[in-house]
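Student: Take the sequence shown: its position 97, counting from 1, is numbered 98 in my numbering, and each next residue is one higher.
Read the hints as simulated data drawn from the structure, not as lab findings.
You may find that some hints are simply not true.
Unchecked claim - With a straight-line Cα cutoff of 30 Å, these simulated DSSO-like cross-link-like pairs (lysine-lysine) come out: (1) K9 with K93; (2) K93 with K124; (3) K9 with K124.
Because the structure is a prediction, the values reported are computed rather than measured.
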Amino acid sequence: APARLLSKDYCELLIRADFGPMLGSGPARTAEERRVVRRMDAVLAGRDPEAVLGADPGPCREHLRRDRQAGIIIAYGAAPRSSIGPATQVAKRVSDAVIAGQPRFAGATALAQWTEQGADRVKMIVFFYEQ
Numbered sequence: 002a003p004a005r006l007l008s009k010d011y012c013e014l015l016i017r018a019d020f021g022p023m024l025g026s027g028p029a030r031t032a033e034e035r036r037v038v039r040r041m042d043a044v045l046a047g048r049d050p051e052a053v054l055g056a057d058p059g060p061c062r063e064h065l066r067r068d069r070q071a072g073i074i075i076a077y078g079a080a081p082r083s084s085i086g087p088a089t090q091v092a093k094r095v096s097d098a099v100i101a102g103q104p105r106f107a108g109a110t111a112l113a114q115w116t117e118q119g120a121d122r123v124k125m126i127v128f129f130y131e132q
């Protein structure tokens, strides 16, 4: 099989996540993970244009329109500096939920990070494969 190349153009996506359930366990977390996947489904289908960030969202929208497969995700949990640990944990759990529940993210590699910008959101930098 030919090597798959990541596009240099990435998508900057903003996914809402309720940090309380995402930091917990059991049915509440499972329900929030499902909501996160549905939110990502809406973004991928073009039903949540405000979730696509960046100065020039055109290349990202092209990836979404062409149903390209995600290869690498850098997920930033948004919280104050005093909550770096929990924010990073939520970023990982949101990434894991999307990788497990959205076929276009299956097999992607994710890195969880923290950002101070925003709250109850995970900003995802997504690199899609060119083909």
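Student: Evaluate each hint against the coordinates.
Tutor: Going through the hints against the structure:
1. For a cut-off of 30 Å, the pair hint linking K9 to K93 stands: about 23 Å separates their Cα positions.
2. Note on K93 and K124: the hinted pairing holds, with a Cα-Cα distance of about 11 Å set against a maximum of 30 Å.
3. For a cut-off of 30 Å, the pair hint linking K9 to K124 stands: about 18 Å separates their Cα positions.
Of the numbered hints stated above, none is contradicted by the structure.
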